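Participant: Kindly generate the complete structure, drawing on both the sequences and the hints.
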Amino acid sequence: MYKVAGTNLFGQWLEEDRIISEFRQLGGNKNNYNFDINCSKLADINWSYNIFQCGSDFYVTGDWNGKENHLSKVDLPEECSSVNAESNLAMVGNDYSLMLVDKKSNTMWSIDLQKENTVKKINLNVEAPLENSSKRARRESQILKVVTTNNSCLCLTVDGRVYSGVLPSLLDTSHCIGKVIDVRCGYEHFMLLTDAGRVYTWGNGRRLQLGHGALDNLESPTEVEALAGIQITKIRAGGWHCFALSEFGDLYTWGWNDTGQLGVRHPDTKGVLNREGLKSYPLPTLVDILDENEEQINMDVKDVGCGSRHSAILLEDNSIWTTGYNKYGQLGLSPNDHPNLNYLTKTFQSENGTEIECGHWTTVLVNRNKCAINK
Amino acid sequence: MMSCSEIYNKLEEFRSSVSKSIEEVTDLDGTCKSMLKRYLADTDSINELAIVKIQAIIDYMYEQVNIGNWKEVKLFLRKTITIACYLKLLALTKTSNEVTDSLVKDLFKIIDFGIMFGCPIDEEPELLQSCATLLSSFDLISHNLSASSSQNQDTTEVDSKQYNAQPIEVVDCPSMETFYKNYIVAEKPVILENCVNHWPALNKWKDQNYFIKLAGLRTVSIEIGRDYTESDWTQKLMTIEEFIKNFIYQSNGPTGYLAQYQLFEQIPELKDDIAEPEYCCFSDSDEPVDVMAWYGPKGTISPLHHDPKRNLLTQVVGEKQIFLFSPKDSEYLYPHEHELLNNTARIDPRFPDFEKYPKYKDAKVYFCVLRPGQMLYIPPKWWHFVESLSISFSVSFWWK
Numbered sequence: 001m002y003k004v005a006g007t008n009l010f011g012q013w014l015e016e017d018r019i020i021s022e023f024r025q026l027g028g029n030k031n032n033y034n035f036d037i038n039c040s041k042l043a044d045i046n047w048s049y050n051i052f053q054c055g056s057d058f059y060v061t062g063d064w065n066g067k068e069n070h071l072s073k074v075d076l077p078e079e080c081s082s083v084n085a086e087s088n089l090a091m092v093g094n095d096y097s098l099m100l101v102d103k104k105s106n107t108m109w110s111i112d113l114q115k116e117n118t119v120k121k122i123n124l125n126v127e128a129p130l131e132n133s134s135k136r137a138r139r140e141s142q143i144l145k146v147v148t149t150n151n152s153c154l155c156l157t158v159d160g161r162v163y164s165g166v167l168p169s170l171l172d173t174s175h176c177i178g179k180v181i182d183v184r185c186g187y188e189h190f191m192l193l194t195d196a197g198r199v200y201t202w203g204n205g206r207r208l209q210l211g212h213g214a215l216d217n218l219e220s221p222t223e224v225e226a227l228a229g230i231q232i233t234k235i236r237a238g239g240w241h242c243f244a245l246s247e248f249g250d251l252y253t254w255g256w257n258d259t260g261q262l263g264v265r266h267p268d269t270k271g272v273l274n275r276e277g278l279k280s281y282p283l284p285t286l287v288d289i290l291d292e293n294e295e296q297i298n299m300d301v302k303d304v305g306c307g308s309r310h311s312a313i314l315l316e317d318n319s320i321w322t323t324g325y326n327k328y329g330q331l332g333l334s335p336n337d338h339p340n341l342n343y344l345t346k347t348f349q350s351e352n353g354t355e356i357e358c359g360h361w362t363t364v365l366v367n368r369n370k371c372a373i374n375k
Numbered sequence: 001m002m003s004c005s006e007i008y009n010k011l012e013e014f015r016s017s018v019s020k021s022i023e024e025v026t027d028l029d030g031t032c033k034s035m036l037k038r039y040l041a042d043t044d045s046i047n048e049l050a051i052v053k054i055q056a057i058i059d060y061m062y063e064q065v066n067i068g069n070w071k072e073v074k075l076f077l078r079k080t081i082t083i084a085c086y087l088k089l090l091a092l093t094k095t096s097n098e099v100t101d102s103l104v105k106d107l108f109k110i111i112d113f114g115i116m117f118g119c120p121i122d123e124e125p126e127l128l129q130s131c132a133t134l135l136s137s138f139d140l141i142s143h144n145l146s147a148s149s150s151q152n153q154d155t156t157e158v159d160s161k162q163y164n165a166q167p168i169e170v171v172d173c174p175s176m177e178t179f180y181k182n183y184i185v186a187e188k189p190v191i192l193e194n195c196v197n198h199w200p201a202l203n204k205w206k207d208q209n210y211f212i213k214l215a216g217l218r219t220v221s222i223e224i225g226r227d228y229t230e231s232d233w234t235q236k237l238m239t240i241e242e243f244i245k246n247f248i249y250q251s252n253g254p255t256g257y258l259a260q261y262q263l264f265e266q267i268p269e270l271k272d273d274i275a276e277p278e279y280c281c282f283s284d285s286d287e288p289v290d291v292m293a294w295y296g297p298k299g300t301i302s303p304l305h306h307d308p309k310r311n312l313l314t315q316v317v318g319e320k321q322i323f324l325f326s327p328k329d330s331e332y333l334y335p336h337e338h339e340l341l342n343n344t345a346r347i348d349p350r351f352p353d354f355e356k357y358p359k360y361k362d363a364k365v366y367f368c369v370l371r372p373g374q375m376l377y378i379p380p381k382w383w384h385f386v387e388s389l390s391i392s393f394s395v396s397f398w399w400k
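Line order of the protein sequences matches chains D and H.
Its first residue numbered 1, the first sequence is counted upward by one per residue in full-length UniProt numbering.
Its first residue numbered 1, the second sequence is counted upward by one per residue in full-length UniProt numbering.
For the record, the hints were derived by calculation from the structure and aren't laboratory data.
Any given hint could be a false lead.
Listed next, with one range per pair, are the computed distances between beta-carbon atoms [to be verified]:
| no. | chain 1 | residue 1 | chain 2 | residue 2 | range |
| --- | --- | --- | --- | --- | --- |
| 1 | H | 336 | D | 158 | 46 to 52 Å |
| 2 | H | 339 | D | 316 | 42 to 48 Å |
| 3 | H | 354 | D | 151 | 47 to 53 Å |
| 4 | D | 229 | H | 163 | 51 to 57 Å |
| 5 | H | 42 | D | 288 | 48 to 54 Å |
| 6 | D | 299 | H | 400 | 58 to 64 Å |
| 7 | H | 336 | D | 229 | 52 to 58 Å |
| 8 | D | 86 | H | 342 | 52 to 58 Å |
| 9 | D | 88 | H | 400 | 57 to 63 Å |
| 10 | D | 229 | H | 37 | 51 to 57 Å |
| 11 | H | 37 | D | 158 | 26 to 32 Å |
| 12 | H | 161 | D | 288 | 51 to 57 Å |
| 13 | H | 265 | D | 288 | 28 to 34 Å |
| 14 | D | 66 | H | 381 | 33 to 39 Å |
To spell it out: a stretch of chain D is covered by chain H in this simulated footprint if at least three of its residues, at any positions, have a beta carbon under 8 Å from a beta carbon of chain H; those stretches are [said to hold, decoys possible]:
| no. | region |
| --- | --- |
| 15 | 5-14 |
| 16 | 194-203 |
Calculated pairs, DMTMM-like style, for lysine to aspartate or glutamate (alpha carbon to alpha carbon, straight line, at most 20 Å) [what the hints assert, rightly or not]:
| no. | chain 1 | residue 1 | chain 2 | residue 2 |
| --- | --- | --- | --- | --- |
| 17 | D | 67 | H | 48 |
| 18 | D | 67 | H | 232 |
| 19 | D | 120 | H | 124 |
| 20 | H | 37 | H | 98 |
| 21 | D | 279 | H | 232 |
| 22 | H | 37 | D | 95 |
| 23 | D | 115 | H | 23 |
Being a predicted model, the structure only gives us computed values, none of them experimental.
All C-beta atoms in this analysis are idealised placements derived from N, C-alpha and C, irrespective of residue type, glycine included.
Facilitator: Below, the structure is given as structure tokens:
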């Protein structure tokens with residue numbers, strides 16, 4: 001089950017109003033989805049369209065070839081017909097193309113959005129030394145996850161290797177402590193998390209998004225030293241900001257804060273004042289959550305999501321708190337009343353089993369339990 | 001008074017050349033491109049919803065141009081901002097019934113956003129500037145002009161002897177040859193007199209109301225804080241009218257400074273008040289001369305720094321005290337180490353701290369008070385510290 005707040009400018013949620021400014025269940029009153037929306041997987045949220053995976057099919061909703069409010073099943077390359085799509089295929093997208101991934105054979109297809117039916121095949125195995133040596137090695141090198149932006153792409157394999165670039169090539173992570181278990185992309189910075197709870201960042205740092213206290217750009221994953229000693233369990237990257245969640249439910253953030261996306265009220269580190277009168281933070285700073293009476297809330301943070309310039313968190317009591325840019329209702333509030341929020345504010349009460357996923361200007365509450373119940 | 005539809009019709013005259021400029025943004029994603037094409041081709045389709053969508057393109061492109069270093073941002077993204085801002089002007093004037101003050105203010109805000117974050121399209125390089133000129137010519141808003149208060153009108157007197165400095169040579173309108181040989185080639189600073197006597201700016205710009213009348217609603221970026229090396233330094237967007245009323249006429253709070261600002265590209269009318277000095281023709285490149293405005297109250301400071309280009313700093317209104325040091329003296333000036341700040345030094349020549357910076361005593365100080373109509377030639381890499389002694393407007397010409 002999906003509850004959504006944010007942009008529907010291209011009809012990407014198949015709802016009527018173009019800005020959804022309160023969390024709304026998809027396929028509710030008037031169900032426009034011709035697949036089982038509640039049991040489908042929201043594979044990717046883009047600026048003008050979404051990708052859903054339902055069984056062995058992929059659907060795109062929103063802008064499609066210049067037409068809005070579109071729902072269309074994606075024609076997959078013929079080569080894929082023999083693949084078990086439900087378990088082996090994944091799809092992500094950006095403003096220019098869809099990326100279809102065969103997780104087992106490490107093959108990617110790039111489907112151009114402007115030139116219909118232009119499909120480019122990309123093989124990932126180029127620099128994988130263990131490939132083909134034994135059955136075991138092949139199984140372990142399965143792709144776990146793919147993330148993409150307009151300018152880059154990251155692939156993570158089950159055995160913790162990371163491939164990066166438009167034509168992905170192996171990224172050196174040999175110096176990282178532990179096995180890589182997650183990768184995230186901002187607009188121009190990257191994060192990875194290892195099973196040792198360590199966080200590494202690289203890419204552009206000019207908006208403080210790397211968390212090393214400097215503006216330098218980094219070519220190679222570099223440990224966020226201020227978090228060393230803290231076991232991190234989740235990482236998230238917004239457009240130019242980051243979040244890291246600790247095993248104790250503490251949330252740390254750093255990066256650009258032009259619209260309040262960091263959600264910090266009384267920071268524990270020194271910030272840099274910006275044009276909007278808010279401070280951006282070059283080092284991880286603890287996010288403090290205060291209720292309407294300015295009382296500290298001492299609850300664990302369970303989940304977190306970042307859009308390009310907004311953020312949302314889930315607390316242990318299932319409340320949803322949002323902060324940052326709200327021009328398109330992505331905080332679950334009316335943009336007329338609140339063009340943005342400077343720090344985390346409770347905007348919704350959700351239920352057990354909720355997880356957060358954000359798009360550029362969207363916040364989605366996902367509840368996978370609900371599918372099981374329905375079934 | 002013009003009606004909305006009359007303004008719309010005037011703005012609409014640019015539509016055909018803007019439509020052609022879609023060719024310049026072929027690399028744009030399909031969603032944005034088809035939307036821009038559709039609205040440009042069929043203005044009847046422009047409704048309230050179109051305004052939201054056009055604004056969404058502007059907002060999304062704003063995020064896109066914030067990716068990477070500003071100088072390397074792909075031009076098609078910035079051109080898209082220009083085109084979308086133009087479309088928004090059309091959309092707002094088409095869907096509004098009445099020319100209200102708030103509509104006019106919004107139109108100027110869109111134009112200035114487009115000029116700041118967009119870039120010229122080949123088909124109509126001064127598209128948004130022309131839209132602004134058009135709107136200004138309709139005289140849609142009456143400004144509350146305030147008589148400049150006596151506060152902040154005074155000029156601080158400086159005794160140059162206290163700095164133990166060498167005065168900078170003053171030359172009366174030298175010939176091109178003399179200037180080239182004695183100062184450009186010799187890389188020597190000099191004050192040029194009687195070279196800009198013909199500038200209308202010398203008279204017109206004395207009255208701050210002139211800017212309010214000409215461009216009061218235009219948005220500019222103002223530097224706020226003592227100087228850019230301080231931690232509370234920031235930049236803020238505001239209208240010229242707000243800047244003059246809150247930071248020039250009266251200022252109880254922090255200093256506001258319109259510094260190193262491409263005002264003349266944004267408001268071409270102001271170009272008519274000045275002229276590019278002929279001396280700038282001694283150039284090693286084809287790059288155009290960078291003309292920047294420096295406008296602020298008494299007490300604005302540019303900390304000791306150097307620039308890579310040649311500079312003719314022209315004083316139009318008020319006075320500035322300026323300290324210069326040769327590049328040879330760099331080691332005595334304690335430059336900052338960080339790559340983003342290494343053209344800036346720690347020395348404040350007004351209050352030298354010889355205990356903290358002992359080597360400074362070996363630096364040779366050049367000093368001048370620059371007065372209206374005078375032009376200071378600062379050779380490339382020469383260190384300079386500048387402080388305004390009164391309300392001040394300077395124009396700098398940078399060239400290679």
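Participant: All the hints need checking, so say for each whether the structure fits it.
Facilitator: Right, here's what the structure says about each hint:
Taking 46 to 52 Å as the suggested C-beta distance range, the pair residue 336 of chain H and residue 158 of chain D conforms, at roughly 47 Å. Separated by about 44 Å at the C-beta atoms, residue 339 of chain H and residue 316 of chain D satisfy the suggested range of 42 to 48 Å. One distance hint, 47 to 53 Å for the beta-carbon pair residue 354 of chain H and residue 151 of chain D, holds here, with the actual separation near 51 Å. The given range of 51 to 57 Å is respected by residue 229 of chain D and residue 163 of chain H, whose C-beta atoms sit roughly 52 Å from each other.
Between residue 42 of chain H and residue 288 of chain D the C-beta distance comes to about 51 Å, which sits within the given range of 48 to 54 Å. Distance hint check for residue 299 of chain D and residue 400 of chain H: the Cβ-Cβ separation is about 60 Å, which falls inside the suggested range of 58 to 64 Å. Taken as a hint, the range 52 to 58 Å is violated for the pair residue 336 of chain H and residue 229 of chain D, whose Cβ atoms sit roughly 32 Å apart. Against the hinted window of 52 to 58 Å, the Cβ-Cβ separation of residue 86 of chain D and residue 342 of chain H comes to about 57 Å, which satisfies the hint.
Distance hint check: the CB atoms of residue 88 of chain D and residue 400 of chain H are about 58 Å apart, consistent with the given range 57 to 63 Å. Checked against the hint of 51 to 57 Å, the pair residue 229 of chain D and residue 37 of chain H passes, with Cβ atoms roughly 55 Å apart. The beta-carbon spacing between residue 37 of chain H and residue 158 of chain D, approximately 44 Å, falls outside the hinted interval of 26 to 32 Å. The hint said 51 to 57 Å for the Cβ distance between residue 161 of chain H and residue 288 of chain D, and at roughly 56 Å that hint holds.
Residue 265 of chain H and residue 288 of chain D have their C-beta atoms about 44 Å apart, which leaves the hinted 28 to 34 Å range violated. Evaluation of the 33 to 39 Å hint for residue 66 of chain D and residue 381 of chain H yields a failure: the beta carbon distance comes to about 53 Å. Three residues within the 8 Å Cβ limit are the bar, and the region 5-14 of chain D against chain H gives 3, so the coverage statement holds. Judged by the Cβ-Cβ criterion of 8 Å, the region 194-203 of chain D is not covered by chain H as claimed, because only 0 of its residues qualify and three are needed.
At roughly 19 Å between alpha-carbon atoms, residue 67 of chain D and residue 48 of chain H fall within 20 Å of each other, so this suggested pair holds. The straight-line distance between the Cα atoms of residue 67 of chain D and residue 232 of chain H is roughly 48 Å, outside the 20 Å bound, and the hint therefore fails. Restraint check: the Cα-Cα separation between residue 120 of chain D and residue 124 of chain H comes to about 37 Å, which exceeds 20 Å; the hinted pair is violated. The straight-line distance between the Cα atoms of residue 37 of chain H and residue 98 of chain H is roughly 27 Å, outside the 20 Å bound, and the hint therefore fails.
In summary, the hint linking residue 279 of chain D to residue 232 of chain H is supported, as the alpha carbons are separated by about 10 Å, within the 20 Å threshold. Proposed proximity of residue 37 of chain H and residue 95 of chain D is supported: the alpha carbons are some 17 Å apart, at most 20 Å. For the proposed pair residue 115 of chain D and residue 23 of chain H, the alpha carbon gap of about 17 Å is at most 20 Å, so the pair holds.
Taken one by one, the earlier hints fail for this structure at numbers 7, 11, 13, 14, 16, 18, 19, 20, listed in ascending order.
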